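**Student:** Residue numbers (my numbering), protein chains in the order written: chain A, 83 to 362; chain B, 372 to 527.
Because the hints were derived from the structure by calculation, they are not lab data.
None of the values given here were measured: they were computed from a predicted structure.
For every residue, glycine included, the Cβ atom is placed at its ideal position computed from N, Cα and C.
Please note that a few of the clues may not be correct.
Below, a list of computed lysine-lysine pairs in the BS3-like style, where the Cα atoms sit at most 30 Å apart [claimed, not checked]:
#1 A/Lys129 to B/Lys514
#2 B/Lys514 to A/Lys172
#3 A/Lys328 to A/Lys235
#4 A/Lys93 to B/Lys373
#5 A/Lys90 to B/Lys449
#6 A/Lys314 to A/Lys348
#7 A/Lys172 to B/Lys496
#8 A/Lys129 to B/Lys407
#9 A/Lys141 to B/Lys373
#10 A/Lys141 to B/Lys496
#11 A/Lys90 to B/Lys381
#12 B/Lys381 to A/Lys141
#13 B/Lys496 to B/Lys449
#14 B/Lys373 to A/Lys94
#15 A/Lys239 to B/Lys496
#16 A/Lys142 to B/Lys373
Covered, in the sense of this in silico footprint (three residues per stretch, anywhere, with C-beta under 8 Å from a C-beta of chain A), are these stretches of chain B [to be verified]:
#17 385-395
#18 450-458
#19 467-473
#20 508-518
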Amino acid sequence: MVDGIRPKSLKKALEILSEQQFTIMASGTDLMVQRARGFALAPEFEKPLLFIEHLSELKKIYIENDEIHIGACAILTDIMHSEIIPPVLKDIIGQMASPPTRNMATLAGNICNASPAGDSLPYLYAVDAKIVLQSSDEKRTMHVSEFITAAKKTVLKANELVTDIIIPNKVYSHNVYRRLGQRKGMSLTKASLLGMADIEEGKIIDIRIALGAVSAIIARSKEIEESLKNKKTEDLKTDVAEILAKYDPLIKPIDDARSTAKYRKKVSLNLIKDFLENLN
Amino acid sequence: MKIDFTLNNKEISIDVDANRRLLDLLRDDFGMKSVKEGCGEGECGACVVLVNGRSMNSCMLPAGAIIGKSVVTLEGFKHTERYKAIESGFLKAGSVQCGFCTPGFVISTESLLNENPHPTDDEIKEALSGNLCRCTGYNMIVKGVRLAIEMGEGLW
């Protein structure tokens, strides 16, 4: 029998986590499916479950010091409808799963699941989102790229909970999010691009490009982005081949049931090309 | 694990495994057979129920996560005026063929209209995007929702 505990507060949850190992459970949209055993059967878990979805401390969405804090248990629907969330993130969330699943799923769950196809990850990598982890005696904050170490792997310790995701309170002048799936709704991503830029008087001031589902985690190069700063957008068409050649080695997709490595590579480069050529 | 929740407005207190799927709990322990298992992985929407007024996939929701919540299935919802409007709309538009997906569509329609009583066609399609139907081709279902909104004007 798999038992479960539903602590009354975050403090209590952290205390319990410091004493015993648990599988941390919000509304189960990843875990219940990953552990499914088939028709009419309960999923199996080795450890007891710690239910956290109800913790009000983890549901807040607010601005502090010009940063947006998103509580680990805020559901996607509420994040999407929050007035303080940047429009491009709303757009991304609006394309994730389906309304009933968005009524259950959380951003923290998407991060902790650490799938290269996790649809919130290109954005979180592009803005250098920070993840706040808490245990009963420590609080640490790190960039999402430090939190996720490999596909399906994070640095979360057994006594820790993700409590907050912090993103900059910033909207770029140019935002493009494109995802390729088998269908528009309810499909897993084959390849995706999140491109954001600030352009002033035809010149790139800031640019962020992150690619999903085409590497062990998320493909992004601060070095290439840095080299694009101060470039005139009108020069991008002539330079695009050279820029794509730089991105090429970062894109290391795999063949799987959803697509082939060859297709993913080609469309990812095309998505970058399309993003750059349409900046003006 | 002790689970206290309300099911179709009735207070329930049970002791079940925390990892049980709400879907199985509803069908096997409470006989709520309107809740269907289609894909079992949150893609088809046949198992959608209302939890605190919002649609959720009961195949992915563990029993431990419904403590203190209000769960409504079609068995409870069917006694409401809102249901009657949706039923009339669906009947008139021919939104039902084999019927397996229908409870999920009805619940998703209620979840939509509860938040947005006057949706556009695109908003209806978006709201129903988590429900699969292999019979109707969807147009009749969207039409059914449209008619339900007209017939149930003022209910949402």
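**Student:** So is the segment 450-458 of chain B in contact with chain A by the C-beta rule, three or more residues under 8 Å, or is the coverage claim wrong?
**Tutor:** Answer violated; 0 residues pass the 8 Å Cβ test.
**Student:** At least three residues with a C-beta closer than 8 Å to a C-beta of chain A: is that true for the segment 467-473 of chain B?
**Tutor:** With 0 residues closer than 8 Å to chain A, the segment 467-473 of chain B misses the three-residue bar; violated.
**Student:** Given the hinted pair A/Lys90 and B/Lys381, is their Cα-Cα distance within 30 Å?
**Tutor:** 24 Å, holds
**Student:** Hey, A/Lys129 versus B/Lys407, does the alpha-carbon distance stay inside 30 Å?
**Tutor:** With Cα atoms ~29 Å apart, A/Lys129 and B/Lys407 stay inside 30 Å; holds.
**Student:** Are A/Lys93 and B/Lys373 close enough, with their CA atoms no more than 30 Å apart?
**Tutor:** 21 Å, holds
**Student:** Check whether three or more residues of the segment 385-395 of chain B sit with their beta carbon closer than 8 Å to a beta carbon of chain A.
**Tutor:** holds (count 6)
**Student:** Check the hint pairing B/Lys381 with A/Lys141 against an upper bound of 30 Å on the C-alpha distance.
**Tutor:** The given pair, whose Cα atoms are some 27 Å apart, holds under the 30 Å limit.
**Student:** Going straight from one Cα to the other, do A/Lys141 and B/Lys496 come out at no more than 30 Å?
**Tutor:** Roughly 28 Å between the alpha carbons, so the hint for A/Lys141 and B/Lys496 holds.
**Student:** Just to be careful, I want the Cα atoms of A/Lys314 and A/Lys348 compared with a cutoff of 30 Å; is the pair within it?
**Tutor:** Holds: A/Lys314 and A/Lys348 sit about 26 Å apart, inside 30 Å.
**Student:** Below or equal to 30 Å on CA atoms is what counts here, so check A/Lys328 against A/Lys235.
**Tutor:** 27 Å, holds
**Student:** Has the given pair, A/Lys142 with B/Lys373, been kept, meaning a C-alpha gap of at most 30 Å?
**Tutor:** Satisfied, since the Cα-Cα distance of roughly 27 Å is no more than 30 Å.
**Student:** Run the distance test for B/Lys496 versus B/Lys449: straight-line Cα separation, threshold 30 Å.
**Tutor:** 23 Å, holds
Taken one by one, the earlier hints fail for this structure at numbers 1, 5, 15, 18, 19 and 20, listed in ascending order.
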